[in-house]
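Participant: All chains, please: the whole structure from these sequences, using the hints.
There are 2 protein chains.
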Amino acid sequence: LHNNQLLAQIDELIAPRNEERRKPKIPKGTRDFNPLQMAIKRKVFKIIQGILLQHGAVEIDTPVFELKETLTGKYGNDSKLIYDLDDQGGELLSLRYDLTVPFARFLATQSLTNFKRFHIAKVYRRDQPNMTKGRYREFYQCDIDIAGNYDPMIPDAEIIKVVNDILQALELGSPFTIKVNSRKILDAMIEIAGAPHSKFKTICSSIDKLDKEPWSEVRRELIEDKGLDVVIVDKLGHFVSYKGKPFELLQKIKDDKLFDASEAGRQGVQEMTLLFDYLEAMNCLSNVSFDLSLARGLDYYTGMIYEAVLEGANIGSIGGGGRYDGLVGMFSSKQIPSVGGSVGIERVFNILEEQYKKKLSIRATETEFLVCTVGNGLCKEKLRLVNEMWARGLKTEIIYSEKPKPRKQLDYAYENQIPFTIWLGEEEIKGGFVKVKCTYTKVEEPCPRDKLFETLEQKLVQYHDDL
Amino acid sequence: LHNNQLLAQIDELIAPRNEERRKPKIPKGTRDFNPLQMAIKRKVFKIIQGILLQHGAVEIDTPVFELKETLTGKYGNDSKLIYDLDDQGGELLSLRYDLTVPFARFLATQSLTNFKRFHIAKVYRRDQPNMTKGRYREFYQCDIDIAGNYDPMIPDAEIIKVVNDILQALELGSPFTIKVNSRKILDAMIEIAGAPHSKFKTICSSIDKLDKEPWSEVRRELIEDKGLDVVIVDKLGHFVSYKGKPFELLQKIKDDKLFDASEAGRQGVQEMTLLFDYLEAMNCLSNVSFDLSLARGLDYYTGMIYEAVLEGANIGSIGGGGRYDGLVGMFSSKQIPSVGGSVGIERVFNILEEQYKKKLSIRATETEFLVCTVGNGLCKEKLRLVNEMWARGLKTEIIYSEKPKPRKQLDYAYENQIPFTIWLGEEEIKGGFVKVKCTYTKVEEPCPRDKLFETLEQKLVQYHDDL
Chain C
15 LHNNQLLAQI DELIAPRNEE RRKPKIPKGT RDFNPLQMAI KRKVFKIIQG
65 ILLQHGAVEI DTPVFELKET LTGKYGNDSK LIYDLDDQGG ELLSLRYDLT
115 VPFARFLATQ SLTNFKRFHI AKVYRRDQPN MTKGRYREFY QCDIDIAGNY
165 DPMIPDAEII KVVNDILQAL ELGSPFTIKV NSRKILDAMI EIAGAPHSKF
215 KTICSSIDKL DKEPWSEVRR ELIEDKGLDV VIVDKLGHFV SYKGKPFELL
265 QKIKDDKLFD ASEAGRQGVQ EMTLLFDYLE AMNCLSNVSF DLSLARGLDY
315 YTGMIYEAVL EGANIGSIGG GGRYDGLVGM FSSKQIPSVG GSVGIERVFN
365 ILEEQYKKKL SIRATETEFL VCTVGNGLCK EKLRLVNEMW ARGLKTEIIY
415 SEKPKPRKQL DYAYENQIPF TIWLGEEEIK GGFVKVKCTY TKVEEPCPRD
465 KLFETLEQKL VQYHDDL
Chain D
15 LHNNQLLAQI DELIAPRNEE RRKPKIPKGT RDFNPLQMAI KRKVFKIIQG
65 ILLQHGAVEI DTPVFELKET LTGKYGNDSK LIYDLDDQGG ELLSLRYDLT
115 VPFARFLATQ SLTNFKRFHI AKVYRRDQPN MTKGRYREFY QCDIDIAGNY
165 DPMIPDAEII KVVNDILQAL ELGSPFTIKV NSRKILDAMI EIAGAPHSKF
215 KTICSSIDKL DKEPWSEVRR ELIEDKGLDV VIVDKLGHFV SYKGKPFELL
265 QKIKDDKLFD ASEAGRQGVQ EMTLLFDYLE AMNCLSNVSF DLSLARGLDY
315 YTGMIYEAVL EGANIGSIGG GGRYDGLVGM FSSKQIPSVG GSVGIERVFN
365 ILEEQYKKKL SIRATETEFL VCTVGNGLCK EKLRLVNEMW ARGLKTEIIY
415 SEKPKPRKQL DYAYENQIPF TIWLGEEEIK GGFVKVKCTY TKVEEPCPRD
465 KLFETLEQKL VQYHDDL
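Respectively, the protein sequence lines represent chains C and D. Going by our numbering, the first residue of the first sequence is number 15, and it counts up by one from there. Going by our numbering, the first residue of the second sequence is number 15, and it counts up by one from there.
These are calculated hints, taken from the structure and not from any lab test. Among the hints, erroneous ones may be present.
Since the list gives no way to pick out one identical chain from another, each pair is judged satisfied if it fits inside one copy or across any two copies.
Derived DSBU-like pairs: lysine-lysine, alpha-carbon spacing no greater than 30 Å straight-line [as the list claims (entries may be wrong)]:
1) Lys409 with Lys57
2) Lys422 with Lys449
3) Lys136 with Lys82
4) Lys240 with Lys88
5) Lys422 with Lys465
6) Lys60 with Lys409
7) Lys94 with Lys82
8) Lys55 with Lys409
9) Lys39 with Lys82
10) Lys394 with Lys213
11) Lys136 with Lys55
12) Lys422 with Lys82
13) Lys451 with Lys257
Facilitator: Pasting the structure below:
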């Protein structure tokens with residue numbers, strides 16, 4: 015008997031641990047979005063969608079998986095990071111790796127030749143996850159692209175305008191800079207410095223580190239690791255020191271006759287001049303920096319490139335893209351010139367989550383009122399009132415109890431940061447009024463039922479001002 | 015030479031056909047969402063989210079895949095429809111099959127014991143697709159559930175209220191009915207009729223056909239195919255004839271002493287009475303029908319069940335659910351009583367898409383103005399104006415040409431149903447005005463630049479009234 019009691023006690027002690035052990039896990043590198051994160055997500059999506067719709071962009075979505083052959087050969091060495099589906103006796107499928115290949119596939123499937131679209135969706139990479147740095151295996155991308163044959167630099171300017179306005183509207187708490195450069199200028203730099211064109215990619219990938227490393231280190235890497243001639247590297251070093259306000263830098267480049275020796279260079283400078291003219295007309299130059307050290311590594315850019323960075327924050331880019339005239343025709347015999355880019359939406363989520371945690375200014379729910387009762391037999395009266403409030407568009411909750419304790423109702427309101435509680439009791443019902451209590455000023459006052467909605471709407475205005 | 019010419023001609027002739035053949039496909043049973051469908055989707059999500067947030071529900075999201083073991087054993091025979099991911103040397107994963115199992119997993123992972131959440135996301139089933147009937151392998155579900163220990167029928171009533179208000183707000187063009195019944199009443203019917211409890215599921219699946227088939231056919235099936243005694247079946251036939259307005263039917267059941275012989279029956283009737291009381295208090299009875307022939311087949315319901323159907327439309331249910339007190343504890347030793355359901359969001363998409371195609375009242379873009387130019391050298395002037403309009407929140411586009419032809423600009427406005435074009439030419443710029451043309455009334459009038467926004471905002475009000 016004693017043994018049995020002991021065993022029962024042991025069982026009781028280890029039950030929670032077993033429970034913990036049995037707790038179902040979620041796949042490596044993924045996460046659930048909790049209610050607060052979803053509130054942030056809704057807010058971010060609303061801002062981005064609002065600005066893009068204002069510019070006449072349309073939204074699309076594609077299936078989460080594509081035929082395996084659609085993705086094959088599009089990602090080089092990174093193909094090994096693609097999630098394949100099991101061969102269950104149908105087509106061979108893979109989860110989308112980005113939104114660019116599905117976009118090109120969409121254009122081909124629908125036989126479109128011009129299209130201004132955005133696409134916000136999750137993509138999948140079997141990468142080494144790093145949750146603390148926000149690197150997940152399932153993550154959102156937000157792409158905006160303008161595909162079609164248009165006059166030079168007008169869509170390019172609108173893309174930068176859109177990214178600028180989105181980053182502004184998101185209120186990320188620090189100023190941002192949009193660095194702009196051109197693939198043609200990069201080509202010219204390498205040509206004039208005397209480096210072989212075959213080294214374009216490897217040179218760019220070194221230069222690309224200049225936002226984290228000093229030139230001395232990049233110089234060492236170019237000479238020692240990549241075997242470039244010192245004279246060539248020092249010429250490159252001269253080029254990448256050019257950065258500054260767009261029109262000032264254009265003047266300096268002109269004064270220094272920096273690209274007079276290269277056709278690509280002259281073309282690049284001409285395009286940048288037109289771009290900055292257009293951006294100035296759209297009052298969109300103050301955050302833009304012309305920066306010859308910007309060298310986004312991707313091979314497929316053919317013209318303007320850009321990257322947005324938050325000042326002071328050591329989080330890498332929060333947006334970027336450029337012109338890629340040869341990419342979206344990959345599924346068709348026709349090429350469709352395109353310019354586009356993405357907003358680093360996962361980084362935006364992280365920044366806003368940190369902000370909101372500090373300020374407590376965002377809640378998972380939006381509830382404004384909790385209808386409370388004191389006493390017995392008031393459940394239907396409570397439902398009647400809450401229904402009137404819903405009908406007026408007021409965000410209102412109740413506690414799911416027939417006669418909840420006042421303390422429990424107040425606690426619920428405080429826990430969920432509900433700004434107002436509305437109290438119904440026998441006395442109030444007989445007298446035709448309710449008591450309205452503000453949870454953050456603690457002020458409680460009676461309010462006649464026939465003036466209720468007027469009063470509540472005034473209180474809401476006050477609450478939103480107080481926030 | 016002739017042969018070569020002929021071959022070249024043949025090549026030219028078949029090129030488009032080869033192109034068509036090479037056209038990339040999308041996976042079987044899936045579809046792209048085009049811009050119009052996305053506009054509908056945004057509208058539907060906004061309505062649903064708005065109502066749910068008004069009720070203090072929170073939103074969550076989970077990864078598109080779960081550990082295979084999380085899904086194993088949850089779907090019985092339908093398990094064969096689950097998409098598995100390829101074993102690429104990590105965890106074994108499967109795409110989510112519904113949102114219920116991920117919800118239960120979420121509650122267990124986060125150790126929650128009460129939660130009012132909604133979840134709108136895509137789920138995946140390797141079913142035989144039927145695109146014309148809207149059955150896809152990738153499709154949206156929209157679930158709302160209230161989990162937690164609460165007083166009887168209060169959360170149940172709110173779930174029906176929410177579904178009622180969502181269906182009302184969606185304006186689906188036909189009246190709808192929410193049929194309500196109870197698992198306890200179904201149990202009592204089978205008990206009183208004298209059928210063995212082991213036949214519960216098979217009897218319910220026959221009764222469930224009564225919305226499509228007459229009783230005579232269901233009767234035949236129960237007797238001939240399912241081997242039930244004629245006397246039992248006729249007693250069941252008596253029960254399922256009970257349907258009507260909630261309080262009238264409750265009275266009739268009472269008058270006929272229909273469930274006096276069954277404890278489960280008396281409990282079920284008592285719960286329904288309370289439910290209808292609460293629904294009446296929330297002014298939510300007019301679309302509700304109490305219907306003893308409603309027998310949602312799912313085994314896991316334990317209390318109230320409901321199903322929403324559109325009148326006149328032969329499309330099956332557009333929502334349904336019920337109470338399932340034993341389900342969401344599947345990953346934990348604790349059970350969490352829950353009530354919930356779903357809105358048939360894919361059917362809603364289809365209905366609204368048909369509606370909008372007829373009425374043309376929804377567009378893929380929301381653009382209100384197209385800024386147009388006549389003449390050369392006006393590109394920057396155009397960008398300046400469009401930027402002012404964006405800054406005022408006006409939805410405005412331009413054509414990406416330096417000097418587009420007037421015809422081309424007008425065509426673009428007509429094709430995209432942009433209601434107003436704004437014209438800039440040398441004369442207008444000198445005179446400090448623009449011309450504003452309405453594309454649907456064809457009225458064109460000059461407008462001074464310093465009165466422009468006032469005028470445009472008036473015109474927008476008129477446009478929205480005209481819609």
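Participant: If a hint holds in the structure, say so; if it doesn't, say that too.
Facilitator: Results for each hint:
no.: 1; hint: Lys409 with Lys57; in the structure: both (17 Å within a copy, 20 Å between copies)
no.: 2; hint: Lys422 with Lys449; in the structure: within (17 Å within a copy, 63 Å between copies)
no.: 3; hint: Lys136 with Lys82; in the structure: both (18 Å within a copy, 20 Å between copies)
no.: 4; hint: Lys240 with Lys88; in the structure: within (26 Å within a copy, 56 Å between copies)
no.: 5; hint: Lys422 with Lys465; in the structure: within (27 Å within a copy, 57 Å between copies)
no.: 6; hint: Lys60 with Lys409; in the structure: both (19 Å within a copy, 15 Å between copies)
no.: 7; hint: Lys94 with Lys82; in the structure: both (12 Å within a copy, 22 Å between copies)
no.: 8; hint: Lys55 with Lys409; in the structure: both (20 Å within a copy, 23 Å between copies)
no.: 9; hint: Lys39 with Lys82; in the structure: both (28 Å within a copy, 11 Å between copies)
no.: 10; hint: Lys394 with Lys213; in the structure: neither (77 Å within a copy, 39 Å between copies)
no.: 11; hint: Lys136 with Lys55; in the structure: both (13 Å within a copy, 17 Å between copies)
no.: 12; hint: Lys422 with Lys82; in the structure: neither (55 Å within a copy, 41 Å between copies)
no.: 13; hint: Lys451 with Lys257; in the structure: neither (58 Å within a copy, 45 Å between copies)
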